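Chemist: One-letter residues, chain by chain:
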Amino acid sequence: MSENIKLEAIVNVLRKKIGSGNALQDIFTRGRVQAAQKVIENTKEDYFDSIQGITAVFQAAVIGDIKPQQIYEATKSLKAQAEGLGFTFLMEVSDSLYKYLQGKVDIYSENPKIKFNKDEKLVVQKHSEAIAATLGKRERGKGGMVEAGILNSLELLKRKHTKPGA
Amino acid sequence: MLHHTLRNISVLIVDNEQKIAELVKDVMCKLGFSSSLMKIATDGYTALETLKMHTFDLIICDWEMLPDDNYVKLTEHAFDRLKWRNAPPNNGANFVRCLRVSKNSPNPYIPVIMLTGPTTPNHIYYARDAGVNEILFKPIQADDLARRIISIVEEPRDFITCSTYKGPCRRRTNAQLPPGMPERRQRTVKIIRYEKHHE
Chain A
62 MSENIKLEAI
72 VNVLRKKIGS
82 GNALQDIFTR
92 GRVQAAQKVI
102 ENTKEDYFDS
112 IQGITAVFQA
122 AVIGDIKPQQ
132 IYEATKSLKA
142 QAEGLGFTFL
152 MEVSDSLYKY
162 LQGKVDIYSE
172 NPKIKFNKDE
182 KLVVQKHSEA
192 IAATLGKRER
202 GKGGMVEAGI
212 LNSLELLKRK
222 HTKPGA
Chain B
3 MLHHTLRNIS
13 VLIVDNEQKI
23 AELVKDVMCK
33 LGFSSSLMKI
43 ATDGYTALET
53 LKMHTFDLII
63 CDWEMLPDDN
73 YVKLTEHAFD
83 RLKWRNAPPN
93 NGANFVRCLR
103 VSKNSPNPYI
113 PVIMLTGPTT
123 PNHIYYARDA
133 GVNEILFKPI
143 QADDLARRII
153 SIVEEPRDFI
163 TCSTYKGPCR
173 RRTNAQLPPG
183 MPERRQRTVK
193 IIRYEKHHE
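Residue numbers (the working numbering), protein chains in the order written: chain A, 62 to 227; chain B, 3 to 201.
Hint data in this document are derived by calculation from the structure and do not stem from the laboratory.
These numbers were taken from a predicted model, which means no experiment stands behind them.
All C-beta atoms, glycine included, are put in the ideal place defined by N, C-alpha and C.
Just so you know, not all the hints are guaranteed correct.
Computed beta-carbon distance windows for the label pairs [stated by the list, open to error]:
| id | chain 1 | residue 1 | chain 2 | residue 2 | range |
| --- | --- | --- | --- | --- | --- |
| 1 | A | Asp107 | B | Asn10 | 24 to 34 angstroms |
| 2 | A | Gln113 | B | Asn124 | 33 to 43 angstroms |
| 3 | A | Asp126 | B | Arg159 | 34 to 44 angstroms |
| 4 | A | Asn178 | B | Met183 | 47 to 57 angstroms |
Between the sequences and the hints, there should be enough to build the whole structure, so can you do that?
Modeler: In structure tokens form, the structure reads like this:
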């Protein structure tokens, strides 16, 4: 019974705050939704200029300066941000690296430590090359045949350098 | 002034990506919500702590927030009642599960919109079984977000409590229940109906 009373109060608060005379469809007008969508479009437009820190991490990795923890954090951020903004190829290539790195780190540890061997460094470097090039080109979409080929190659490279059963 | 009707609704955004959390906040502001009544929590554990200190009317939560330093604390909290083992490595759904079932939950009935990138059936089932009200697929689109909020407010589903689930009714259609189900429900399930609000 107490749960009933609690729920009723919560529902009433939410509905009362909006007002029963106001249908939400009328509040979320076309203009209001368009203004909200404009915020998303502006974020997409400015995105590549706003992630210089992440870009620098991948550019350094391309020339062999690979800092595992930095790469891991940058990949995680890039994947989440690209996913949220709908940059399909950027999301796919960072997701590929993220999944690879997840296999190298104990995600349940409070202080995950990552060390790359020679093969792992190669996989990370090749992914970083693809990511750095994508960021340089400001590719926002899914890409074409070339991008599909890159993803395929990275997948094959991961398989080649992954021990069976690992 | 219609836009004032959303001004006093408080929203908690749970996302470990500050950029995306800020984007959601900005989108909500343009939809008419008040910036000052929106808070951002960077993981499920922090969200639970924030919920204990402040009252919120709506939660927008990301699916994938792992790994983070608070995960261990969150899982201990989440498993305190239902022993929800074998959880996949995310804490968005775990957070919602914890919010719904935990004895110490600050508000088990609060509506939750889950933002998710992965769209496989397993992800959907998992979020649904965690007690999520609405699922919003990425990339974020303003009209999709608005539609989810409308659905929560205009078409609230019964709140179900049973031994294995606590959250909004997972049946979205009005299809007739299978034979024997109504009787079984009466024995094992507690259904809390939403009251129709009249002025």
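Chemist: State for each hint whether it applies.
Modeler: Against the structure, the hints come out as follows:
no. : hint                                      : in the structure
1   : Asp107(A) - Asn10(B): 24 to 34 angstroms  : holds (31 angstroms)
2   : Gln113(A) - Asn124(B): 33 to 43 angstroms : holds (37 angstroms)
3   : Asp126(A) - Arg159(B): 34 to 44 angstroms : violated (53 angstroms)
4   : Asn178(A) - Met183(B): 47 to 57 angstroms : holds (56 angstroms)
The structure fails to meet hint 3 from the earlier list, while all remaining hints are met.
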